[in-house]
Amino acid sequence: MAEENKEEAFWGIIIHGGAWAIPDDLVQEHLNGINKALENSFKLLENGENALEVVQTAVTILENEPCFDAGKGSFLNSIGQVELDAIIATIETNKIAPKIGSVAALQRIKNPIQVARSVLNQNSTILYVGEGAQLFAINNGFELCQVEELLVGRELERFNELKSQLNFQSKDAFAPPIVPPRGTVGAVAIDKNGTIAVAVSTGGTPKKVILFYYYFII
Amino acid sequence: MAEENKEEAFWGIIIHGGAWAIPDDLVQEHLNGINKALENSFKLLENGENALEVVQTAVTILENEPCFDAGKGSFLNSIGQVELDAIIATIETNKIAPKIGSVAALQRIKNPIQVARSVLNQNSTILYVGEGAQLFAINNGFELCQVEELLVGRELERFNELKSQLNFQSKDAFAPPIVPPRGTVGAVAIDKNGTIAVAVSTGGTPKKPPGRVGDSPLWGAGAYIKKFKKTELKNGIVIGSAATGYGEDLIKNLITRSVCDHFQYNQQQGIQIATENAIKELEETVQGLGGVIAIGSNGFGLSFNTPRMAFGICTNQTKPIIGIEKTDLQNFLINSKTTF
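Respectively, the protein sequence lines represent chains A and B. Going by our numbering, the first residue of the first sequence is number 1, and it counts up by one from there. Going by our numbering, the first residue of the second sequence is number 1, and it counts up by one from there.
Just so you know, these hints were derived from the structure itself, not from any lab. Cβ atoms here follow ideal geometry from the backbone N, Cα and C, with glycine treated the same way. Possibly wrong hints are sitting among the right ones.
Each computed SDA-like pair below joins lysine to any residue, with the alpha-carbon atoms no more than 20 Å apart [to be verified]: (1) B:LYS280 / A:LEU135; (2) A:LYS99 / B:GLU283; (3) A:LYS95 / B:GLN287; (4) A:LYS99 / B:GLY323; (5) B:LYS280 / A:PRO98; (6) B:LYS207 / A:SER124; (7) B:LYS207 / A:GLU131; (8) B:LYS95 / B:ILE237; (9) B:LYS36 / B:GLU281; (10) A:LYS99 / B:TRP219; (11) B:LYS207 / A:LEU135; (12) B:LYS207 / A:ALA175; (13) B:LYS110 / B:GLY80; (14) A:LYS95 / B:LEU254; (15) B:LYS207 / A:ASN140; (16) B:LYS43 / B:GLN287; (17) B:LYS36 / B:GLU284; (18) A:LYS95 / B:GLU284; (19) B:LYS207 / A:GLN122; (20) A:LYS163 / A:SER78; (21) A:LYS95 / B:THR285; (22) B:LYS280 / A:ALA97; (23) A:LYS95 / B:GLU283; (24) B:LYS207 / B:GLY80; (25) B:LYS207 / A:ASN139; (26) B:LYS99 / A:ALA175; (27) B:LYS95 / B:GLY194; (28) A:LYS95 / B:VAL286; (29) A:LYS95 / B:GLU281; (30) A:LYS99 / B:GLN287; (31) B:LYS99 / A:PRO23.
Stretch by stretch, here's where chain A covers chain B in the computed footprint (C-beta under 8 Å, at least three residues) [as the list claims (entries may be wrong)]: (32) 243–253; (33) 281–288; (34) 297–310.
Kindly produce the complete structure, drawing on both the sequences and the hints.
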């Protein structure tokens, strides 16, 4: 049983930075990123912040850390684009129904979890995808970033290579990817009021060209 | 218990053409469309066709019928586009995991359920959205149609009006739509081999914001099928469900997963009670409106809390039942009580 403070209900946060064969040389970066997100979000909870703000903060921090496959540090798809997905939800005090906001295949936005939050705030549509998701973001005050701002290291190199080619598209674009997924990020929190919230963000699965390139570099 | 033909396992198909306040002047068209889809798909089942082909056929027929809000007869979104969603799934013989294919916000395709089928066949990605979904369709031999080919009546008029305007986009594009949803179509079938499949297709809410996706193509919301392992129920018992209604409510509740869960944890009461419990829970937890259909190894069921839902059922143990009113539902229940 938990060593509970009998005068106070249980509250806290749990986060993740991806379940995959994380290589040894990336372990410390991952732990540092988790630690940063955890410290910041726990402080907020301690100060009485609500769970929704807390999970959004945690995931925003993880999106901004390049070692996780979300926001900055995401992977290119098979035709050289960065398409991001995110979801955020909460159940408010004295309510049973969740409020949910999510986006999928959203391009050129640094922090998709924040767009997902705007979707949630609107309390109408739950999921926007593709171009419509980008239009929604623009309509709600988000600025489009350059694709390069989302890329680091080898992905940035690959993007510059692809830019110089005339035609991204090929039949291979829809071949099943043989590259395993990477590090989606997520957070679930329960605050001092007992309110729960969850947030998840990802840059999705990288394509097979990446894997071959990675092995060549090693 | 079922008056089962001891020599033959239960098989059949249940379909729906949307749960909403279907106006009086559209009732007959709806019943005709349901009847056409039902007749054709039941014949296929009789001839031993597999459930996946059967639900795809049923939904293709309903997509092509202009009175349903799927494929032809869909609604424009708030900036004059037609964005379609569809999902199809099955659990193959001797398998437990479903195979699923789905598309969302797919433009200029006449039969999205067929693109969803191609996604399923690829056995890799489950969901393609937007431009990527259209690219996939083109890469898999589908031809793009003109937007007008998907529109009829008032929507066609509205499209022509909008075309003459210089700028579709406005802040209002993302205002919450005040128009209620229309007629998503769906089918669930169990074939002579006891294999289950489900298919759902929709044009979404009229004047919806661009890129808005509702419950239809999302697993566990618009559609869900499950096979129970030996340890849960008997070996190989299957159940499947399709939903229609206010998409956001159905997502919040994961309504088709809810139907299957209600059945799983209350198997004695049967599939009909499971659908009723799922709709009750929808009401209680999210004040949702909609309808569900379900079929499984041991029977079938449907429930809705909207004024009407177009539906049709035909199995090897029941004559065809077509309805649209809650009273038709009562007749159906009387029917089903005598056989299950």
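Structure-based check of each hint:
1. B:LYS280 / A:LEU135: 36 Å, violated
2. A:LYS99 / B:GLU283: Holds, at roughly 16 Å.
3. A:LYS95 / B:GLN287: It holds: about 11 Å lies between the C-alpha atoms, which stays within 20 Å.
4. A:LYS99 / B:GLY323: Not OK: A:LYS99 and B:GLY323 at ~34 Å, beyond 20 Å, violated.
5. B:LYS280 / A:PRO98: OK: B:LYS280 and A:PRO98 at ~17 Å, within 20 Å.
6. B:LYS207 / A:SER124: The hint holds at about 13 Å.
7. B:LYS207 / A:GLU131: 16 Å, holds
8. B:LYS95 / B:ILE237: 12 Å, holds
9. B:LYS36 / B:GLU281: Judged against 20 Å, a Cα distance of about 32 Å means the pair is violated.
10. A:LYS99 / B:TRP219: Measuring from Cα to Cα gives roughly 19 Å; hence the hint holds.
11. B:LYS207 / A:LEU135: 15 Å, holds
12. B:LYS207 / A:ALA175: Violated, at about 35 Å.
13. B:LYS110 / B:GLY80: Judged against 20 Å, a Cα distance of about 17 Å means the pair holds.
14. A:LYS95 / B:LEU254: 17 Å, holds
15. B:LYS207 / A:ASN140: 19 Å, holds
16. B:LYS43 / B:GLN287: 39 Å, violated
17. B:LYS36 / B:GLU284: 35 Å, violated
18. A:LYS95 / B:GLU284: 11 Å, holds
19. B:LYS207 / A:GLN122: Given pair B:LYS207, A:GLN122 holds - Cα atoms ~16 Å apart, limit 20 Å.
20. A:LYS163 / A:SER78: Roughly 13 Å separates the two Cα atoms, so the pair holds.
21. A:LYS95 / B:THR285: Distance of about 9 Å is within 20 Å: holds.
22. B:LYS280 / A:ALA97: 14 Å, holds
23. A:LYS95 / B:GLU283: 14 Å, holds
24. B:LYS207 / B:GLY80: Judged against 20 Å, a Cα distance of about 8 Å means the pair holds.
25. B:LYS207 / A:ASN139: 17 Å, holds
26. B:LYS99 / A:ALA175: Roughly 17 Å separates the two Cα atoms, so the pair holds.
27. B:LYS95 / B:GLY194: Since the Cα atoms of B:LYS95 and B:GLY194 sit roughly 12 Å apart, the hinted pair holds (cutoff 20 Å).
28. A:LYS95 / B:VAL286: 9 Å, holds
29. A:LYS95 / B:GLU281: Holds, at about 14 Å.
30. A:LYS99 / B:GLN287: Holds: A:LYS99 and B:GLN287 sit about 13 Å apart, inside 20 Å.
31. B:LYS99 / A:PRO23: Outside the cut-off at roughly 31 Å; violated.
32. 243–253: Coverage by chain A holds here, the residue count being 4 at a Cβ distance below 8 Å.
33. 281–288: With 4 residues in contact (Cβ-Cβ under 8 Å with chain A), the coverage given for the region 281–288 of chain B holds.
34. 297–310: It is violated: at least three residues are needed, and the region 297–310 of chain B offers just 0 whose Cβ sits closer than 8 Å to chain A.
Going down the numbered hints, you'll see the structure goes against 1, 4, 9, 12, 16, 17, 31, 34, while the others check out.
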